[in-house]
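In order, the protein sequence lines correspond to chains L and Z. Each residue of the first sequence is one higher than the last, beginning at 1 in our numbering. Each residue of the second sequence is one higher than the last, beginning at 1 in our numbering.
In case anyone wonders, no lab produced these hints; they're calculated from the structure. If you're wondering where the values come from, they're calculated on a predicted model, not measured in any experiment. Just so it is clear, CB atoms sit at the ideal spot from N, CA and C, and this is done for glycine as well. Mixed in with the good hints there might be a few duds.
To be verified - Estimated spans, in silico, between C-beta atoms of each pair:
| id | chain 1 | residue 1 | chain 2 | residue 2 | range |
| --- | --- | --- | --- | --- | --- |
| 1 | L | Leu426 | Z | Phe167 | 54 to 60 Å |
| 2 | Z | Lys86 | L | Ile147 | 48 to 54 Å |
| 3 | Z | Asn140 | L | Ser376 | 29 to 35 Å |
As the list claims (entries may be wrong) - Some chain Z residues close to chain L (C-beta under 8 Å, calculated; not the full set):
| id | residue |
| --- | --- |
| 4 | Ile25 |
| 5 | Gly48 |
| 6 | Ala128 |
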Amino acid sequence: MADNSTNTLNEPTRTQKNLLAQLEIDTRLLGMVGAFVVLCLVFNFLTDGRFLTPRNIFNLTIQTVSVAIMATGMVFVIVTRNIDLSVGSLLATCSAMMAMTQTLVAPQWLGLELGHGMIAPISIGVGLVTGIVIGAFHGWLVGYLTIPAFIVTLGGLFVWRNVAWHLTGGQTIGPLDQNFQSFGGINGTLGVTGSWIFGVIAVAFALYGLYSARRAKLRHDFPVKPVWAELVIAAIVVVAILGFVAILNAYEIPTRRLQRMFEARGEVMPEGFTTGYGIPYSVLILIVVAVVMTLVAQKTRLGRYIFAFGGNPEAAQLSGIRTRSLIVKVFMIVGILCAISAIVASARQTFHSNDIGTLDELRVIAAAVIGGTALSGGLGTIYGAILGALIMQSLQSGMAMVGVDAPYQNIVVGIVLVLAVYIDILYRKRTGS
Amino acid sequence: MADVIDRSGTPLIELRNMSKAFGGIRAVDDVTIDLFGGEVVGVLGHNGAGKSVLMKMLSGALPRDSGEIYINGQKADINNPRDARKYNIETIYQYLALADNLDAASNLFLGRELTTPVGLVDDAAMEAETRKIMGRLTPNFRRFSTPVAGLSGGQRQSVAISRAVYFNAKILIMDEPTAALGVEETAMVAELIDELKKQGIGIFLIDHDIHQVKNLCDRASVMKNGKLVGTVEVDKVSEDDILGMIILGKKPEMAA
């Protein structure tokens, strides 16, 4: 940050750059991926190879989805120098609204019989509207009435948890609609062929993205990285996507369950037939959320303003950005994401319970922060938050598999959170960013 | 400044009877000043004299309690920074109002992003435009894709000035533009002000440095305790006269 930067031209000749710089890989991302890989290998060793099985990886991904979805929204909240302590409670209220829609509104008010095809879409719509409205309300309190977000959402933490309780009379509501349950994870997957098709489409999109980014740079005569570096990155992306699909496909559906599935369709299962689960719908939802949120963050005015506001609220306002409505939009996004998480979370446990999403606010904040979102605002990435959620979940379920008692698990998670932020501070000091 | 400015016609901008109070304190009290095209008017006064508040009412950053703004004789309705931008009023702030975490192009286009046909921000196009405009103002600037937090004061200021130039400012408000700058960079800004004057842009310059005011400004409007002490042509008064206006609130005898 010193004045000598005036003289150094920031484009040293390419030959001086080391390998990583030539690939233009975010070293921070690399560090997180590295930490995650080490973590997985250690647990795999401690559990005699049970940690890195298709089955466990499958479970790990579906356990991560709910927190990861909300964490992407928390990034925006923290980037704008706010905090949201109410996401777990908001999730519970959305879940309660959807559960009551399925068990009370649809059958008794609308007269839809059990298992009717419209039950899932209607209740999901109700959940999303609930999330948006409550989020907008939080945003209005923070942005227009200038009540600190900490206070608004601390209040929300109490209010929405107990609104959920009120809605259900404190009862557990279930089982939820069959179609609705398919968003929970194991009860709804793409299947082997569908997953491969999805993987190939994803690869095509990723390669097109890399190609068009390079073409845009060339069109304006900007420096581009060497072709071999582009190819290496493309190869990594392709292997990562297809590898992920292959692992999820490798987790085979148990024979008993397959037989029941065939029976349900009125067919007889061929002898020796096996197939894998493939990508769960819930993971698909997370992928869509991640792509959309990344697009919003990097490629839309809204995202640009969110980060500008986080970097310098006054500059944002002086630039003519409507900062108050910006805050409302950020909290609305979180509201929508809480509703989506509510779908996944309640569908995964197949019923709505009073304690659904309890302490999720802390997991979500921890995921965002481990993922490199700075509480001082202006800094944070969507992929970081998702990786943060994945690291937290791996840590927790890894320790559970090793046989660490729950209290000790939480002690470790707490220490890791603080340590991760400290390492991030050191990293930022060294790189000066 | 030797150039003679024609002040017979309609002023480029007129602030009439502007007032603004914070609680019981009248930060700006019934102030009327004007500015012609191709002219630099210094707005002077102690800290707390109300000069920044007056300028913020013009730039839309602060709503005014009363008063009217006329641009080329037409009444202008300025209630927020977006309105001000519509009238081609650009502001360069003392504390370098940039978002530190964004790069030069994002800052330059902040609030007015170039977009692709589908409505996404077009970073490549914005960087290309930024390279063009900044290449003219500061030819050896290269750090287009790093956050501006890593830039020097002068480089940051040149981002802010580039923004004003790029969007065709007609009226420029500069709030101590050289306060954070070194000697060389200050000279660069002074040169730039001259350049902008020649293009017929009117500039309000808030500055504490009397010497600089004598050098750069055509007229000076001095404020004290929220009130306008008076407006003088800087060539017709001495530095001491101006100091007297600032410190004592005393208007010199022969003032214009």
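Status of each hint after checking the structure:
1. L:Leu426 / Z:Phe167: 54 to 60 Å: 41 Å, violated
2. Z:Lys86 / L:Ile147: 48 to 54 Å: Distance hint for Lys86 of chain Z, Ile147 of chain L is violated at roughly 32 Å.
3. Z:Asn140 / L:Ser376: 29 to 35 Å: Since Asn140 of chain Z and Ser376 of chain L have Cβ atoms about 32 Å apart, the given range 29 to 35 Å holds.
4. Ile25: 21 Å, violated
5. Gly48: 19 Å, violated
6. Ala128: Interface hint status for Ala128 of chain Z: holds (4 Å vs cutoff 8 Å).
Violation of the numbered hints given earlier is confined to hints 1, 2, 4 and 5; the remaining hints are satisfied by the structure.
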